[in-house]
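Chain order of the listed sequences is A and B.
Numbering follows this note's numbering, in which position 324 of the first sequence is assigned residue number 324; successive positions increment by one, without gaps.
Numbering follows this note's numbering, in which position 72 of the second sequence is assigned residue number 72; successive positions increment by one, without gaps.
Since the hints were derived computationally from the structure, they do not count as laboratory data.
Computed from a predicted structure; not experimentally measured.
Any given hint could turn out to be false.
Said to hold, decoys possible - Here are the simulated SDA-like pairs of lysine to any residue, each with C-alpha atoms no more than 25 Å apart in a straight line:
1) B:K11 x A:K295
2) B:K34 x A:A9
3) B:K34 x A:R129
4) B:K34 x A:T266
5) B:K34 x A:A30
6) B:K77 x B:K14
7) B:K34 x A:G286
8) B:K34 x A:D169
9) A:K295 x A:G322
10) B:K34 x A:G186
11) B:K44 x A:E115
12) B:K34 x A:T11
13) B:K42 x A:P305
14) B:K34 x A:L7
15) B:K11 x A:R237
16) B:K34 x A:A5
17) B:K42 x A:G150
18) B:K61 x A:K295
19) B:K61 x A:P305
20) B:K34 x A:D2
21) B:K42 x A:L281
22) B:K34 x A:E278
23) B:K14 x A:Q194
24) B:K34 x A:A182
25) B:K34 x A:Q31
26) B:K42 x A:S141
27) B:K61 x A:G150
28) B:K34 x A:P135
29) B:K61 x A:E174
30) B:K14 x A:E179
31) B:K34 x A:G26
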Amino acid sequence: MDERARLAARTPALHARAAILRAVRGYFEAQGFVEVETPARVMSPGQELHLEALPAGGGRHLITSPEYHMKRLVAGGLPRIVQFCRCFRAEEDGPFHQPEFTMVEWYRTGGTMDELMRDCEAIVEIAARAVGAWPRVPVPSIRRGDYSDGALALTAPFERTTVRELFHDHAGIELRGDEEAATMRGLAQRAGCQVGPDAAWDDVFYQVFLDRIEAHLGCGRPTFVLDWPTPLGALARRKADDPLTVERFELYAGGLELANAFGELTDPIEQRARFVEEAELRRQRGSTVYPIDEKLLEALGNMPPTCGIALGFDRLVMLVLGASSIRDVLAFAHDEA
Amino acid sequence: MASYDTSDIRKGLKVMMDGSPFTVIEFQFVKPGKGAAFTRTKLKNLLTGGIIDRNLRSGEKLEPANVETKTMQYLYKEGDSYVFMDTSTYDQVHIPDETIGDDSNFMPEQIVVEVLFFNDRAVGVTLPNFIEQKVMQTDPGFRGDTATGVTKPAHISTGASINVPLFINEGDTIKIDTRSGEYLERVGRA
């Protein structure tokens, strides 16, 4: 298809995207947020285990998320900030992934996870109304799990569940969070999932999640998945009543993973320990090891209790338009650029 | 044979899974919960036709399946087996009745097919989607009867019976969809 024809087909989505962006900006302004811009080319990109940053010359990399600098802004005295920006993740390319995509990330100082969940419910409604897709959106078959009739109701309150509940209900596993890797492998095999003989704890977790759980999420209505095991929440604070889980939720809607939220860890000593452990795991797995962000660690000491969240803006547009592929909501997919 | 890993996955890739040869029919990059990357793969069993779904961890190794397809011509039936010839090398292969199974219904002599070999043994044939065959036997239909949905059986050279419209006569050539066994249209009159 030539470019004119391709863009003609995309034009309605581009109009929708612009309308949604304007409406969501309006929400944050009304809520008293300041819109900020932080660097894209940094010394210490996010070092989560399964993210690979793109090199950007001079020993720097492109951000995988704006998290570190936004936390430094919060520590520097800006209590409610939001950013709409491009994030870059190597090797990510699929119906819902692009190596370059748009994130909306916001932080509420003194805020709660409940407030972030209400933000999500409001933003989804605003986006849907902006394109006349309220209160139900179609879910195309590529995104439908096994348990959906092809439409998603977007009215609040969304469904809430926990990682442990999901493992119990759909895999028959009583998940602790501190199991030995060998124990995890045994639990997964008993649940009928195939894992390699050397699979690490998190490898097993994701295999079970994908094989047994994901198809059930966010069908019928959007679902918040709360209380993630500590190994999967390096930047989140532990729950007061359960050190094996952290304050983290993910929002799933119509087969899309939309948002990831943390009660932010502000203890620089614990954060350093987690960064060091993660760097070692990256080294063992042959992933690039990035320098630890010392400026962030220094700022964390000044950071008040804060909740923060990152939401995939392209996926939000996909959700309310009922799109099958992230390409459908982009002016240029990375191979069209 | 060197192994594949998930980055080699593409439609039509032939791999071993659970001891049987499969071909990849669909695949998709997924990354649950900001976690490890997987390739969600749909595979078809080359021996049974059954379809399975597997979530393969990125970097997981896959064993290639020793399968090969050859274009061959079906010559004739000899006892319990069907004789095929490679039209370029003139090599012949005998494939037993049980392997051919119901495919024999739409496999007239001289037809060119794709023969699937697994570990150098013929394990199945793929017929062309459509064949054109002369009607060897059929009762006359009632003249002037053009009501749709009313059919009669017609036999082709393989002995198979196809339901055809009443206006089809013996000696007519008909086009048949080998996948469904259905009559499509008349392409030649007696």
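Hints versus structure:
1. The suggested pairing of B:K11 with A:K295 is violated, with an alpha-carbon distance near 47 Å, which exceeds 25 Å.
2. A threshold of 25 Å between alpha carbons decides the hint, and for B:K34 with A:A9 the separation of about 31 Å lies outside it, so the pair is violated.
3. Pair hint B:K34 plus A:R129 does not hold up; C-alpha atoms about 28 Å apart against a cutoff of 25 Å.
4. Between the alpha carbons of B:K34 and A:T266 the distance comes to roughly 21 Å, so the proposed pair stays at or under 25 Å and holds.
5. Using a Cα cut-off of 25 Å, the hinted pair B:K34 and A:A30 is violated, with the two alpha carbons roughly 30 Å apart.
6. Distance restraint check for B:K77 and B:K14: the Cα-Cα separation of roughly 30 Å exceeds the 25 Å cut-off, and the hinted pair is therefore not satisfied.
7. Proximity of B:K34 to A:G286 is assessed by CA-CA distance (about 19 Å); at most 25 Å being required, the pair is judged to hold.
8. A threshold of 25 Å between alpha carbons decides the hint, and for B:K34 with A:D169 the separation of about 22 Å falls inside it, so the pair holds.
9. With a C-alpha separation of about 42 Å, the suggested pair A:K295 and A:G322 falls outside the 25 Å cut-off, and the hint is violated.
10. Restraint check for B:K34 and A:G186: satisfied, since their Cα atoms lie roughly 23 Å apart, inside the 25 Å limit.
11. Restraint check for B:K44 and A:E115: not satisfied, since their Cα atoms lie roughly 47 Å apart, outside the 25 Å limit.
12. Our distance criterion of 25 Å between C-alpha atoms is broken by B:K34 and A:T11, whose separation comes to about 30 Å.
13. The hinted pair formed by B:K42 and A:P305 fails the criterion: a straight-line CA distance of about 46 Å is larger than 25 Å.
14. For the given pair, B:K34 sits about 31 Å from A:L7 by alpha-carbon distance, which is inconsistent with the 25 Å threshold.
15. Of the supplied pair hints, the one linking B:K11 and A:R237 is violated, its CA atoms being roughly 44 Å apart against a limit of 25 Å.
16. As the CA atoms of B:K34 and A:A5 are separated by approximately 35 Å, the hinted pair breaks the 25 Å bound.
17. A distance of roughly 21 Å separates the Cα atoms of B:K42 and A:G150; the hinted pair therefore holds under the 25 Å criterion.
18. Restraint check for B:K61 and A:K295: not satisfied, since their Cα atoms lie roughly 40 Å apart, outside the 25 Å limit.
19. Taken as a hint, the B:K61 and A:P305 pair is broken in the structure, with Cα atoms around 45 Å apart against an allowance of 25 Å.
20. For the proposed pair B:K34 and A:D2, the alpha carbon gap of about 35 Å is over 25 Å, so the pair is violated.
21. Of the pairs offered as hints, the one joining B:K42 and A:L281 is violated, with about 31 Å between alpha carbons and a cut-off of 25 Å exceeded.
22. A hinted pair counts as satisfied when its Cα atoms are at most 25 Å apart, and B:K34 with A:E278 qualifies at roughly 15 Å.
23. Distance check on the hinted pair: B:K14 and A:Q194 sit about 20 Å apart at the alpha-carbon level, within 25 Å; holds.
24. Using a Cα cut-off of 25 Å, the hinted pair B:K34 and A:A182 holds, with the two alpha carbons roughly 23 Å apart.
25. In summary, the hint linking B:K34 to A:Q31 is not supported, as the alpha carbons are separated by about 28 Å, beyond the 25 Å threshold.
26. Pair hint B:K42 plus A:S141 holds up; C-alpha atoms about 15 Å apart against a cutoff of 25 Å.
27. For the proposed pair B:K61 and A:G150, the alpha carbon gap of about 35 Å is over 25 Å, so the pair is violated.
28. A hinted pair counts as satisfied when its Cα atoms are at most 25 Å apart, and B:K34 with A:P135 does not qualify at roughly 28 Å.
29. The hinted pair formed by B:K61 and A:E174 fails the criterion: a straight-line CA distance of about 30 Å is larger than 25 Å.
30. For the proposed pair B:K14 and A:E179, the alpha carbon gap of about 37 Å is over 25 Å, so the pair is violated.
31. Proposed proximity of B:K34 and A:G26 is contradicted: the alpha carbons are some 28 Å apart, above 25 Å.
Violated hints for the displayed structure, listed by number in ascending order: 1, 2, 3, 5, 6, 9, 11, 12, 13, 14, 15, 16, 18, 19, 20, 21, 25, 27, 28, 29, 30 and 31.
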